[in-house]
Structure formats: C-alpha cells, structure tokens
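Student: The residues making up each chain are set out below.
2 protein chains.
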Amino acid sequence: MRVAILGTGLIGTSIGLAARGWLDAEVAGHDPDPSALVAAAGRGAVEPAGSLEGAAAAADLAFVCAPVAAIPGAAAAALEAGARVVTDAGSVKAGIVAAVEELAGGGAGRFMGGHPMTGSERSGPAGAAAGLIDGAAWALTPTDRTDPAALASVEDAVRRMGAVPVTLSPDRHDRLVGLVSHLPQVASTALMSTVASSADETAPLLAAGGLRDLTRLAASSPELWVDILLANREAVAEAIEGYGDRLRSLAAMLQAGDAEGLTEAFARAKDARLGLAARPQSRVGLAILTVPIPDRPGSLAEITGALAHRSVNIEDLEIVHSAEGARGTAHVTVGEADAEAAVQALTSSGHEAARLA
Amino acid sequence: MRVAILGTGLIGTSIGLAARGWLDAEVAGHDPDPSALVAAAGRGAVEPAGSLEGAAAAADLAFVCAPVAAIPGAAAAALEAGARVVTDAGSVKAGIVAAVEELAGGGAGRFMGGHPMTGSERSGPAGAAAGLIDGAAWALTPTDRTDPAALASVEDAVRRMGAVPVTLSPDRHDRLVGLVSHLPQVASTALMSTVASSADETAPLLAAGGLRDLTRLAASSPELWVDILLANREAVAEAIEGYGDRLRSLAAMLQAGDAEGLTEAFARAKDARLGLAARPQSRVGLAILTVPIPDRPGSLAEITGALAHRSVNIEDLEIVHSAEGARGTAHVTVGEADAEAAVQALTSSGHEAARLA
Numbered sequence: 001m002r003v004a005i006l007g008t009g010l011i012g013t014s015i016g017l018a019a020r021g022w023l024d025a026e027v028a029g030h031d032p033d034p035s036a037l038v039a040a041a042g043r044g045a046v047e048p049a050g051s052l053e054g055a056a057a058a059a060d061l062a063f064v065c066a067p068v069a070a071i072p073g074a075a076a077a078a079l080e081a082g083a084r085v086v087t088d089a090g091s092v093k094a095g096i097v098a099a100v101e102e103l104a105g106g107g108a109g110r111f112m113g114g115h116p117m118t119g120s121e122r123s124g125p126a127g128a129a130a131g132l133i134d135g136a137a138w139a140l141t142p143t144d145r146t147d148p149a150a151l152a153s154v155e156d157a158v159r160r161m162g163a164v165p166v167t168l169s170p171d172r173h174d175r176l177v178g179l180v181s182h183l184p185q186v187a188s189t190a191l192m193s194t195v196a197s198s199a200d201e202t203a204p205l206l207a208a209g210g211l212r213d214l215t216r217l218a219a220s221s222p223e224l225w226v227d228i229l230l231a232n233r234e235a236v237a238e239a240i241e242g243y244g245d246r247l248r249s250l251a252a253m254l255q256a257g258d259a260e261g262l263t264e265a266f267a268r269a270k271d272a273r274l275g276l277a278a279r280p281q282s283r284v285g286l287a288i289l290t291v292p293i294p295d296r297p298g299s300l301a302e303i304t305g306a307l308a309h310r311s312v313n314i315e316d317l318e319i320v321h322s323a324e325g326a327r328g329t330a331h332v333t334v335g336e337a338d339a340e341a342a343v344q345a346l347t348s349s350g351h352e353a354a355r356l357a
Numbered sequence: 358m359r360v361a362i363l364g365t366g367l368i369g370t371s372i373g374l375a376a377r378g379w380l381d382a383e384v385a386g387h388d389p390d391p392s393a394l395v396a397a398a399g400r401g402a403v404e405p406a407g408s409l410e411g412a413a414a415a416a417d418l419a420f421v422c423a424p425v426a427a428i429p430g431a432a433a434a435a436l437e438a439g440a441r442v443v444t445d446a447g448s449v450k451a452g453i454v455a456a457v458e459e460l461a462g463g464g465a466g467r468f469m470g471g472h473p474m475t476g477s478e479r480s481g482p483a484g485a486a487a488g489l490i491d492g493a494a495w496a497l498t499p500t501d502r503t504d505p506a507a508l509a510s511v512e513d514a515v516r517r518m519g520a521v522p523v524t525l526s527p528d529r530h531d532r533l534v535g536l537v538s539h540l541p542q543v544a545s546t547a548l549m550s551t552v553a554s555s556a557d558e559t560a561p562l563l564a565a566g567g568l569r570d571l572t573r574l575a576a577s578s579p580e581l582w583v584d585i586l587l588a589n590r591e592a593v594a595e596a597i598e599g600y601g602d603r604l605r606s607l608a609a610m611l612q613a614g615d616a617e618g619l620t621e622a623f624a625r626a627k628d629a630r631l632g633l634a635a636r637p638q639s640r641v642g643l644a645i646l647t648v649p650i651p652d653r654p655g656s657l658a659e660i661t662g663a664l665a666h667r668s669v670n671i672e673d674l675e676i677v678h679s680a681e682g683a684r685g686t687a688h689v690t691v692g693e694a695d696a697e698a699a700v701q702a703l704t705s706s707g708h709e710a711a712r713l714a
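Residue numbers (the working numbering), protein chains in the order written: chain A, 1 to 357; chain B, 358 to 714.
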C-alpha cells in the first residue's frame, strides 16, 4: 500500500509513523515548509517528495494534514494528481467538504472528509508519535457524493492504525464538536475573564480546586483556538446560545428561590456527568476508584506503585479537590477487568479504595 | 484554653481535632444529632456536653459549625450562655452576620463571622481530620460592631491551627466566593446540561479531556450546592450575569469574524489562568513541571516514585489532556525549592521534564 502525507506537522507525521508501523505502507510526504519535511523524514515517518503532486501521484490513500484554510486546495490537487482516495485531518468539516467537492468536480467521490480526534501539548514533527493515533476516535464524514469504496478504504486504514472510526455527516460533526469540544473552550475562557475582571487581589486566596478545573483550558493557545472557532463559527455560536439559555434558567430559579427546580436540574447534570467515561471511545469496561491521598511525600507514588506492581494500567488519574480547599482524593480509572485487583492492591498497601458508582 | 464545638459534623469535628492537637485546648462539643456527637467523641475530637449551653458556657472560643439556616440561633445562644468569643463556619456570611448581630444585641461585638475554606469528599465525623484545617484559607468577616479583641482571638486560634486567616467584609466575602467558588459550580452544571440535552449518542465518542475537566464539578452533591447557592443568591446571580455578558461578547466577536478581538480576549484569559497557583494560599514558591506520560502500566508510578525517592512532596498532579484526544501530560506541582531536584530525578529516570513558564 502506498500512502501520501501532505503536511508533515504533528498530526501528519504521527499518521506517517502509524502507517509505516501498522499498514506496512510506503509513505511519501510533502510539506511546503522544507524544515518540517526534513524533520518528519528524520523521524522516519515519510520519504520526502519534491512536490505535493509527486507525493500524491501514486498514492492509494493521501492524508491532507494542512491548516484548515489550505485543505481544499491541497485535497483537490492530490485528487487531480492521481491519488486513488484522499482524506483530510481538519478539525471542522462542513466547509472543507463542500469546498473540496466544488473544486474537485468529477473527482469529488474519491474525497472523504476526516478528523482524527487526537493531539498533544507538543507541536510539529518532534511531538509526533504513532501512539497519538492508537485508540483515538477518528470522525469520517461522507456525503451523498462520496464513493462508498472511498469510505471503506479510509475506514479500513483508520481501524488498522488502531483508531476508532466514527461515521457521521459533516454538519452533524461540526455541531457535535461545537458542543463537546469548542463550547468547553469558550466556557473556560469566558469564566477566567469574568473572574479576572471582577475579582480583587483577595480572590486567589479564596479560590479552590473547582475554579482551577474549569479554567484549565483557558491556558490553551489563543491562535490555535481562534482559528478553530472561526472555522466553526455558526455551530459554536449556536452552542454558546444554548449554554446562555441554560445559565439564565438556573439564575432565574435561583432568584425565585426555587430549591426544587434547582435540585432537579443539578441532579440531572450529575447523572449525565457520571455517564461520561474517561476514554470517550470506551463507554463500557472502565471502573473509577476513589482513593484519599495522604498529604505527605510519596503518597501518590505508593498509590500508583501498588497498581503498577499488579500490572494494572492506569487509564486516567484525576486529583479531585473538594468544593472548597485544596485537599485531594484521587479518582483512578482502570479497566473493569482490573478493578477488583486494583482495590485489593490499594487496600493491602494501606489505602482506602472504593469504586465510584 | 477552652473551646466549644457546636455542630460536630465534618468541619466541627476537624476543628475539634485541630484545637486539641495544636491549641492544646479542652474541647467540649454538642450536636442536636446524638449519633454525630458520639462519633465525634469517638474520634477524640470533643468531650460530649448535654446541651449547647453546657458546651458553650465556659468556652473562651466557640465554633458554630451548624447548617447555614441554624447558625444565627446557635451563635446567639452560645453568646447568651457566656462563651467569651463566638465564630462560625458558614459558607456565606452577610446574611448570617446580620442575623447574629440582630439576635445578639449587646453581645454582637463578641461574634466574629468565619469561613474555613476546606472540605472533603467524605462527610460527617468519620471524614474529619485536623489536616483539613492545616494550610486552609480561613475567611474572617468582622463588621464595625465587632470587638477588635474578638477578631484578634479568632485570628490567633486559626493561625495556630495551621490555617491562613483572610480578613474581609461579609459582603466582599460573599461576592468573591460567588465568583471563584459558586459561579464555577453553576457554569459546570449548565455546561453538562447543555451538552446532555443537545447532543446525540455519538457525542460521547467525540468528547475529549476538555469537556471532562469542565464538567467534573457537575457531579457534586445537588442538595449541598443548592443550599449554598440559595444562601448567596444575589451574589451568584450577579456573577452569572457577568459571565453571560462575557459569553455574549465572545459570541459576537465570533459571528463578526473578529479574529483580532478574539485572540486578544483569549490571550488575556490565558495570562490570568497562568497566574492561578495550585494552592491558593501559596502564591509564591511553587513550580509546575510538565512530564509526558507514556501509555503503559506503571508509568505514573515511575514518575511519582522518582519524586518520592528524593522526598519531593507533590503539591498537586494534574493529567492534562490535549484539546482533542485522551493522551496525557502530567503537570506536577512541587515546591520551588524542590524544583531542580525534581527535574533531575525525573530526567535521570528516563522522563522528559520541563518547567512550565
């Protein structure tokens, strides 16, 4: 199998590494930035090609991993150059898919919009890893013009690289990521701004874990996020409006002293939160253990060490701060099959451990 | 010194333990619920008294740790019974302080509103610990009627129990906790409701770390929070309104395609977030290290173990998920004095570790 990587940044280089490792593919790469291409080749992710067309011409599957604005042109060029199937990695889909279908004319059936839901705090080829693909959800957004064979081909490659294909329409993709990914970013930034502009110098002394949890995303890269949000502006604006309505409804119940209505709304939200699994694609098969953390050096090492000793993989670990104050309890997410062994390991090392409902 | 604990739940019992340990005090306790009183006595936190008045009569300092609605009556009764100074642990202050001053008449000068900013996921005397007090911020809210000697006496006791007194007016206290504690809870609950009601069954597959961070608080106890929010309803409603304004302003910039305005707003929020320390009362002297976590059993144990081996205390550990995807980087907060040793320990155990700006 021959794969082309068009755009060798963090995601493109990661896909190149995964394609070499798990698709056993010959991988040709191109990037308009020569230093990115050299770095990706240095990581062993691609054989560098002199042009986009050179990389794409003989490809069974081309991945366009360019910035959102550059995707339609690059995808159309790859189709024109002869790539059998072309997909992309843009984080919004409706606009890109429509633009590619318009530019590609008769070749549009061979384009399949895609969005690997992965990333890293690091950027560029240096931050790339095949592991970023393994286990990630990967949205695929066919339209009625998409050739079913193109969908099947991308789906197969995605699955063999260890990711989990999720097929949905471009509009539904954009609406959903607007809600579950873009709205949380806006909510976090707006909260941090509100607190920063209204609070005085005493406020940080009184702030506890809750504020920190909710404003963590506000420390993300402004440039990266503004690009993403602008590319999905209608869906995000709609999500913000829905969120604003919900806030106003809670405020109205509060001002009316409606304890019953508030309790019901809070209880429904609590139920919904408990239904969110640690790894999105693993909706079954995970268990969350609560473990109080003694405040002394080495206590987290004891907890994680006790689990490592039994080869229990920690899927996730959150230090949950109480509503007020900085003391913590660890919420340790492990596979369902490991849960009993994990509780035993923790208990016999002198920790309290219990399964969360 | 003689201390009275009026209300022996989680906070009252913890204060009793701290008063015995660090104030070397005789501690008398009372609770209208006999089983809570027996449990607190069983923890060694109090000598049980037959009545509130019996516990309060000879006290140099009485802590009223009752539910918000019961505080004014209990505080007035303790003053009447002869306690030299009375303080409370209610999480809102203006209404309580005004009610006590009205009920207590001439004794009002001996009452000092208070709010230890601490808590636990566990509840009742069984969850109590002197450690919940040690290091916590403790708000004190004198008015112009408060006797300066009462303030000095509570401040001294709080400090000797290891907490950090923060003195401010009742109104300012309520406005600030409305912003930094109550608003985040409402924002989290509203976000979870918005996503739950608007999203379809595919949404959880696409949800990543950001949504989980922002909705963690939504899993809190509805009953507890509705009581707190209703007791501070004006300040919370005002905070929600400010938050709504901020969201509308971001949405307007988004719809206008104002990349520059958005980038500026996001950059300001990012700066504000980077200024929030892990432990609110330790605004200086902490360092945050970023450490990528390999996805295999034992990797967190290696990281925490390497630090434990050098006796570096982990002040906080967050697993920061990238904006999309579930892979993580640990943000490990350590004391500034330990930072260099921590980086060396991690590096020499084969991990990448760098200080966050």
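Derived by calculation from the structure, the hints in this document are not laboratory data.
Do not rely on the hints blindly, as some may be mistaken.
DEER-style ranges, computed between Cβ atoms [what the hints assert, rightly or not]:
#  : chain 1 : residue 1 : chain 2 : residue 2 : range
1  : B       : G519      : A       : S349      : 50 to 58 Å
2  : B       : R516      : A       : G350      : 30 to 38 Å
3  : A       : R248      : B       : E580      : 42 to 50 Å
4  : A       : G162      : B       : G401      : 50 to 58 Å
5  : B       : G519      : A       : S249      : 53 to 61 Å
6  : A       : A70       : B       : D528      : 34 to 42 Å
7  : B       : G632      : A       : T290      : 52 to 60 Å
8  : B       : P389      : A       : D258      : 26 to 34 Å
9  : A       : S249      : B       : G407      : 45 to 53 Å
10 : A       : A149      : B       : A613      : 37 to 45 Å
Pulled a few chain A residues facing chain B out of the computed Cβ check, cut under 8 Å [claimed, not checked]:
#  : residue
11 : A139
12 : T143
13 : D144
14 : R145
15 : T146
16 : P148
17 : A149
No residue lacks a Cβ here, since even glycine has one placed at the ideal position from N, Cα and C.
Student: Are the hints correct? Go through all of them and say.
Tutor: Hints, one by one, checked against the model:
1. Taking the beta carbon of each, G519(B) and S349(A) are about 28 Å apart, not inside 50 to 58 Å as hinted.
2. Hint check: R516(B) to G350(A), Cβ distance near 32 Å, so the stated range 30 to 38 Å holds.
3. R248(A) and E580(B) have their C-beta atoms about 23 Å apart, which leaves the hinted 42 to 50 Å range violated.
4. Checking the proposed 50 to 58 Å range against G162(A) and G401(B) shows it holds: the Cβ atoms sit about 55 Å from each other.
5. Against the hinted window of 53 to 61 Å, the Cβ-Cβ separation of G519(B) and S249(A) comes to about 42 Å, which falls outside the hint.
6. At about 54 Å, the CB distance of A70(A) to D528(B) disagrees with the hint of 34 to 42 Å.
7. Distance hint check: the CB atoms of G632(B) and T290(A) are about 31 Å apart, inconsistent with the given range 52 to 60 Å.
8. Here the CB-CB span from P389(B) to D258(A) is close to 28 Å, well matched to the stated 26 to 34 Å.
9. A C-beta distance of roughly 48 Å is found between S249(A) and G407(B), which places it inside the suggested range of 45 to 53 Å.
10. Between A149(A) and A613(B) the beta carbon distance is about 42 Å. The supplied range of 37 to 45 Å therefore holds.
11. Given hint, A139(A) at the interface with chain B, holds; its Cβ is 7 Å from that chain's nearest Cβ, closer than 8 Å.
12. Evaluation of the T143(A) hint against chain B yields a violated restraint, the C-beta minimum of about 17 Å exceeding 8 Å.
13. Checking D144(A) against chain B: minimum C-beta separation of about 19 Å lies over 8 Å; hint violated.
14. At its closest, the beta carbon of R145(A) sits 22 Å from a beta carbon of chain B; the interface hint therefore is violated under the 8 Å criterion.
15. Interface restraint check for T146(A): the shortest CB-CB distance to chain B comes to about 18 Å, outside 8 Å, so the restraint is violated.
16. Taken as an interface hint, P148(A) does not check out: its beta carbon lies about 20 Å from the nearest beta carbon of chain B, beyond 8 Å.
17. At about 24 Å, the closest approach between the beta carbon of A149(A) and any beta carbon in chain B exceeds 8 Å, and the interface hint on this residue is violated.
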